[in-house]
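Asker: One letter stands for each residue in the lines below.
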Amino acid sequence: MTTEFDVEFIERTDRNARFLVRGLTPAFANGIRRAMVADVPTLSIDTVRFVENSSVMFDEMIALRLGLIPLTTPLDDFELGDTVTVALDVEGPATAYSGDIVTSEPGVEVADKNIPIIKLNSGQRLEFEADAVLDRGKDHAKHQGGVAVGYRHLQKVEVDGDLGEFDDEEPQILRGVIETEDGELIASSEFDHDLTKLYPGKELSVTDVPGAFVFHVETDGSFSVEELVDRAAETIGDRADELKNAVAV
Amino acid sequence: MMIPVRCFTCGKVVSEHYEEFQARAQAGDEDPQKVLDDLGVNRHCCRRMMVSHADLVDVVSPYQ
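If you're matching them up, the sequences are chains V and Y in order.
Quick note on the working numbering: the first sequence kicks off at 21 and runs consecutively.
Quick note on the working numbering: the second sequence kicks off at -8 and runs consecutively.
To be clear, the hints were calculated from the coordinates, so they are not data collected in a lab.
Think of the CB as a built atom: it goes at the ideal place given N, C-alpha and C, for glycine as much as any other residue.
Where hints are given, some of them may not hold.
Stated by the list, open to error - Once the Cα atoms are required to be at most 27 angstroms apart in a straight line, the calculated DSS-like pairs of lysine-lysine come out as: (1) V:264 / V:158; (2) V:217 / Y:25; (3) Y:25 / V:133.
As the list claims (entries may be wrong) - Now the in silico label distances, taken between C-beta atoms and shown as ranges: (4) Y:54 / V:120: 23 to 31 angstroms; (5) V:214 / Y:35: 17 to 25 angstroms; (6) Y:19 / V:70: 34 to 42 angstroms; (7) V:170 / Y:18: 33 to 41 angstroms.
Let the sequences and hints guide you as you build the complete structure.
Answerer: If you want it as structure tokens, here you go:
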């Protein structure tokens, strides 16, 4: 069975996107969301070998901070469990930034260069060598490529008529994306999340559109939003194939 | 001590913007709300990471 999904972008940047998908079941929408969070692997610093750490933080505290730094991950070049060596050497007085980290692979670099790791005073020094490993969000949250991934129903707004002359106009707060009667898609931030600003003096009814979901996807910089969604859909396909083979007679 | 690298709740990298936020809103005279909006720190979980952080590295640095 192959079904075509109708995908429409509402907002799209490299790290942040909002898109509408039609023809999904709620279970499948959630499957994609979960795959984005738990199944798409990213590189993250895992084992750290300290050469010198005379800063005010313990080795373990610095290692934890290092693990959370996003690294750009060219997924085509790596397999699960592959490692990349990274290193840093900063002497105080200075702040060690994520941008000071050098990596052994040209395609792999720190996605955000301005993250302060530790502030060093004069005489303090931080030098280490570390292995970044490719693993999945399932195993550790630091490997999650998607940040705050979620979805909402698309909501259809219909005008039922005019508001009575003496009726109080109360604000109608709404979040997400609405579909107007002409089929136009409007993000609620455009009308300050208040429907009465878009339709002043109207009697409105809001209903969920069945099978239409508006995803909001943000990545930590490991890869683009497209890559994250594509890979997530791919892992669902792979697991379905696996199940098919496992139960084949 | 240092600002946490990511937001505890959603995982967005917030420390990236901390020094600018500090300089503009806490040391400077800009409105913290506008600075956070400008930096793209939109969710309230990420905002509290910035607003409620007390940087104590300089306090502990003479010791050890």
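Asker: Checking against the hints above, which ones are violated?
Answerer: Every hint satisfied by this model.
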